[in-house]
Amino acid sequence: MDARSLELERQLVDRAQRDPEAFGLLYERNFDAIFNYVLRRTGHIQMAQDITSETFFIALKGLAKFKWQGVPFSAWLYRIAINEIAGHFRRVRVRTVSLETMQEEGFEPLSESDVEREALACQEELERHLEYQAVRQAVNGLPEHYQEVVALRFFAGKQIADISAVLDKPQGTVKSLLHRGLERLRHALTQAKSNATFGETPTYVERGRGANGQ
Amino acid sequence: MDSEERDDKAFLTTLEAVPLPNVDAPLFKAQLKAKLLAEAARSAHPAPSVRPAWWRYALVAAALLVVLAWQLMPAPLPALAYIEIEVNPSVRFTIDSRGQVIGLESLDDQARLALSELRVLRQPAPQAVAQVMERLHRAGLLKATSQVWLVVSAIGEARAEAISELLAITQAAVSQQSQHLLATPTTAHSLIVDRERYEIARQATLRPSQYARVARAGVSVSGMQGLVLAGTRLQAAGKITAGRLREFMELVAELVEAGLPEGEALQLVESMLASGQSVQGLGKRIEKVVERIEEGLALKEAVRELREGEGKADDRDDDEDRDEDKDNEREQDKERGRGRDNERDGESEDELEPEGEDKREGQGKGDRGHGD
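First to last, the protein sequences are chains A and B.
Using our numbering, the first residue of the first sequence is number 11, and each one after it goes up by one.
Using our numbering, the first residue of the second sequence is number 54, and each one after it goes up by one.
Treat each hint with caution, since some may be false.
[Said to hold, decoys possible] What follows is a set of in silico ranges between Cβ atoms, one per label pair, in the way DEER data are often shown:
1. A/Gln21 x B/Leu80: 23 to 33 Å
2. B/Leu282 x A/Arg100: 25 to 35 Å
3. A/Glu38 x B/Leu282: 49 to 59 Å
4. B/Lys341 x A/Glu38: 36 to 46 Å
5. A/Arg20 x B/Asp161: 28 to 38 Å
6. B/Thr66 x A/Gln21: 36 to 46 Å
7. B/Leu80 x A/Gln169: 46 to 56 Å
8. B/Trp108 x A/Ile170: 55 to 65 Å
[What the hints assert, rightly or not] Selected chain A positions facing chain B (Cβ under 8 Å, derived; list incomplete):
9. Tyr37
10. Asn40
11. Ser63
12. Glu64
13. Glu135
[Stated by the list, open to error] 30 Å max Cα-Cα, derived DSSO-like pairs, lysine-lysine:
14. B/Lys86 x A/Lys77
15. B/Lys88 x A/Lys77
16. B/Lys196 x B/Lys292
17. A/Lys203 x A/Lys75
Just so you know, these hints were derived from the structure itself, not from any lab.
In this text, all values refer to a predicted model and were calculated from it rather than measured experimentally.
Glycine included, every Cβ here is placed at the ideal spot set by N, Cα and C.
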C-alpha cells in the first residue's frame, strides 16, 4: 500500500471511530480477504463464517481504542482473525468435514436462508480443491508460530514486510520462521506422499522436489 | 544460506501454483454487514437515560409491592405431567395438579419462532393447547394433512386416572380446535408414557412419532437403554452422526418388528454399522430383507442374507445413497422454499393407530413414549 492510500485509510479509520457508516466501508474493503483467508485456514465454511463474524465484531468493539501505527488496517484485522483461528483450533480439535457430513449433521439450507445455501456452495468449492486440502492439512500440522507465517504467505499471499506488520515481528524473524516453516511443510508433504497408498502423487511434492534439485 | 533461500523460493513457487479456493459469499457478507452496522449504530447512540428524579423511591416501593405480592401468592402446586404435542414442530407443556399450564417449552426452532411471546401460563391445558395450535396454524405449520402426536407423561407419583383424564381433555381440545381451524377434525395419535421411558426417549432425542415407532415394535425398556448406549458407542467411534441416531434406532425396531429378538437385532445393526456401512445403505438392505421375511423367508436365513449382503454392493450402494441424499436435500430445499416444510417423519407415523386402540402405561408391545 503506497503512502497516499495509507493516509486515506488512516482518515477512514479515524472517521469510522465516530461514524458507523465509515466502518461499513472498512468492512467492504477487507471482508473478502479476511473471509477467504479464514476459510483457507480452516477449510470449513461454518467455522469460517463464525470466525469472520467474530473478527469484525471484535474489530468494531475495539475500534474506539485502535491506535493508528502506520500499517494497513487489514494487518490488525488479520491479527484478530489469527487469534480467533488459534482459539478455535485450541477449543475444538478441527477436522475436515465433508459436505455430506455437514448435511448429515443437520446443516441443511432452510427455506428462509439463502445464506445457508450459499454456504453449501462455498463448501463445495472448497472440496473441489484437493491439492489445496492436502497443503492445508500439512500447514495445520505445523507448530503454531510457523503456521501463522506460512499461512499468511501461502493462503493470503502476503510478502515478508506485510507478515511482519501483521504479526508485529521484525522482518528477519519472519524470514527465518518462514524458512523453517517451509522446511517442515516440505517434509510433511513428502511424508504424506510416501504414506499415500494409492492415487496420483500431489503435484506440489514432485514440483517441490524438482525445484530443490533433489 | 543462498541455496536454502533458493530451495524456499522454489518450494514457495510450487505452493503458489496450487490453485486456492476463492469463494464469494455476497449474502453472508451482506448479512454480517447489516448486523455490524446495527451494532455500531446501537453502541454509537446508547439509549438516553430518562429516569426522573424520584426513580429511587419508586424502585423501593415496587420492590416492597413485589415482596408483598409474593407472600400473598398461594404456594405453587406440584407439577403433574408433561404434555408434548408434535405437529412436526414440537412443544412441551408442564401441567400442575389443577390442570393448569406452569411451563411451555418449544422443542425446536420452528416452534420457537411460531410461539414467540405466546403467554399461556396459568391457563387450563385445553385452552393453552388450542392457542398453540392456532399459532402453529397461523405460521403455516398446521394443515389439514398434518399428523398430530400427543404424549402425556406423569411427573412424580401422579395417579394413572389423572393422567388419562388429562390426555382425554387435551385430545378433545386438539380435535375441537382442528375442526375450528381446518374445518376437519384431526384425531391426534395419543400416547401415555411412563417416566422411565420418557427419560430414555428424551436422552435419545426421539420425537413422539419416532418413539412410538420403536415402542410399537415391542422394544423393552432395557432394549431402549441398549439402543441409546449402542448409539452413543457408534457416535463415539464416528460411525454415525448425531443426526442419524434416530434412524439407527428405527432400523433395529424394524428388525424387531419383523420378529428378530431385540438383543440380536441390536447386535446385528450395531456390528454392521461399526463395520463401516452407512445408515441409509443398511436401511435399504433391511427393508429388502424384511420384505423377504414377509414373503415367508425364515428369520435365520434373512439374517444370513443380510450379513452376506454386507460388503458386496455396499460401497456402490453407499455412494448411491450419498448422491441420493444430496439430491433429496436439494429437493427438500426447494420444497421448503415453497413453504412446505412441515410434513416430515411421515414414514413411521402412518403405521400407528390413533389413541384408544392401543394405549397403556408400562412396557411391551403397544406401549409408547417419547421425548425430544
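Holds or violated: the 23 to 33 Å window for the beta-carbon distance between A/Gln21 and B/Leu80?
30 Å, holds
May I ask you to test the interface hint for A/Tyr37 with respect to chain B, counting a Cβ-Cβ separation under 8 Å as satisfied?
6 Å, holds
Hinted contact A/Glu64 with chain B - closest CB pair below 8 Å:
Constraint on A/Glu64 not satisfied, violated at 10 Å.
Can you tell me whether the CB distance of B/Thr66 to A/Gln21 sits inside 36 to 46 Å?
38 Å, holds
How does the Cβ-Cβ distance of B/Leu282 and A/Arg100 compare with 25 to 35 Å: does it lie in that range?
31 Å, holds
Please test the hint of 46 to 56 Å on the beta carbon pair from B/Leu80 and A/Gln169.
32 Å, violated
Go ahead and decide if the range 55 to 65 Å is satisfied by the Cβ distance of B/Trp108 to A/Ile170.
60 Å, holds
If you draw a straight line from the CA of A/Lys203 to the CA of A/Lys75, is it 30 Å or shorter?
Judged against 30 Å, a Cα distance of about 48 Å means the pair is violated.
Check the hint pairing B/Lys196 with B/Lys292 against an upper bound of 30 Å on the C-alpha distance.
37 Å, violated
Confirm or reject the claim that B/Lys341 and A/Glu38 have a C-beta distance inside 36 to 46 Å.
56 Å, violated
Verdict for A/Glu38, B/Leu282 (Cβ pair) under range 49 to 59 Å
52 Å, holds
Does the CB of A/Asn40 sit less than 8 Å away from some CB of chain B?
11 Å, violated
Taken one by one, the earlier hints fail for this structure at numbers 4, 5, 7, 10, 12, 16, 17, listed in ascending order.
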